[in-house]
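Engineer: Heads up: the protein sequence lines correspond to chains A and B, in order.
No gaps in the numbering here: position 31 of the first sequence is 31 in full-length UniProt numbering, and each next residue is one more.
No gaps in the numbering here: position 48 of the second sequence is 48 in full-length UniProt numbering, and each next residue is one more.
Beta-carbon label-pair distances, calculated as ranges:
no., chain 1, residue 1, chain 2, residue 2, range
1, B, ASP134, A, ARG97, 44 to 54 angstroms
2, B, ILE95, A, GLU54, 44 to 54 angstroms
3, B, PRO97, A, GLY102, 33 to 43 angstroms
4, B, VAL43, A, LEU83, 15 to 25 angstroms
5, B, ALA118, A, GLU54, 23 to 33 angstroms
Partial chain A-side listing against chain B, Cβ under 7 angstroms, derived:
no., residue
6, SER15
7, LEU22
8, ASN39
9, ILE67
10, ALA71
11, ILE74
Rather than coming from a laboratory, the hints here were simulated on the basis of the structure.
Just so it is clear, the structure is predicted and the values come from calculations on it, not from any experiment.
Heads up, the beta-carbon is just placed ideally off N, CA and C, and yes, glycines get one too.
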Amino acid sequence: MHLAYPAVLAALLFSTGLYGVLARRNAILVLMSVELMLNAVNLNLVAFDVWLREELHTGQALALFTIAIAAAEIGIGLAIVLLVYRTRGTSDIDRLRDLREGAPDADGDDGPGSRPGDTAAVTSTTDSGRQTA
Amino acid sequence: MNLAAAGAHPGFLSPTGVEIVFVLVGLATLGAALVTVTTKQLVHAALWLVAALGGVAVEYLLLTAEFIAWVQVLIYVGSVVVLLLFGLMLTKAPIGPSPDADSGNRWIALGVAVVSAATLVTLVVDAFRTTWIDLSTSPKGSTRVTGEALFRGWVLPFEALSVLLLAALVGAIVLSRRGAPETDEAEPETKQEGQR
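Using the sequences provided together with the hints, build the complete structure.
Structural biologist: Below, the structure is given as structure tokens:
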């Protein structure tokens, strides 16, 4: 088999995942795109391992390690997304901008505290970066 | 003549059956991935991700990496997608089409992705134009071969990875545990409102 086939497929999958990471708004869809990018890397590892025929099978061992690390990453990532959703009421990464630098205060109104039932909680939590609630 | 030439120096214009199957499955995989990142329905995105990951597993099989193919099916298709579906449901994702699935910088993202794809494909095709994988000899990715390589040369990273998985598991449990009563007293109203 020509080595260019898996390499080109991996490059295209990686670019697809890159588009998804940059263009999606929901955090879970961003995690899905990250999975696509990791799979592209795995495909490259396996293809080059089969090509190089090394004694230790570095490519396949690294692909297995990448799969396990991706499983850990998706678990932690989903836990973080659920925690953010639970405290902020949204999982849109466009609206999680409390830590940005030089935030204009007028723009904070479409921030985390925009839900009507959430104002009491926002005034009590000072770590959300809002100076005035 | 054709077979002898293919054995000595295979070419672009005489594709083998494995190459044809690889390209077809690759097209299906790429299409599923594109639908995954462009669809407006969030649950459909997760289900198309199953198709994309399963296609990658078939590609592993075609590359004679059997063990990794089944690990891919077990872990990605079996557990990661289920976790993603659980995440979608727990964050109350809308079932129907959601028009705000894509953010405002979508065209910039498209430009970045197209430039990246063009650069990578050009580079890769130029670099590996005359390189072939020999798939005809004994399979290099059977369970026996992979297990021997893993437990002879890669034992220490394997064990370190198990510790990492344990830490990630404990971390996920700690993060997603609902009410730790002694750590945060200021939070329970938020949590109740956020949950129900």
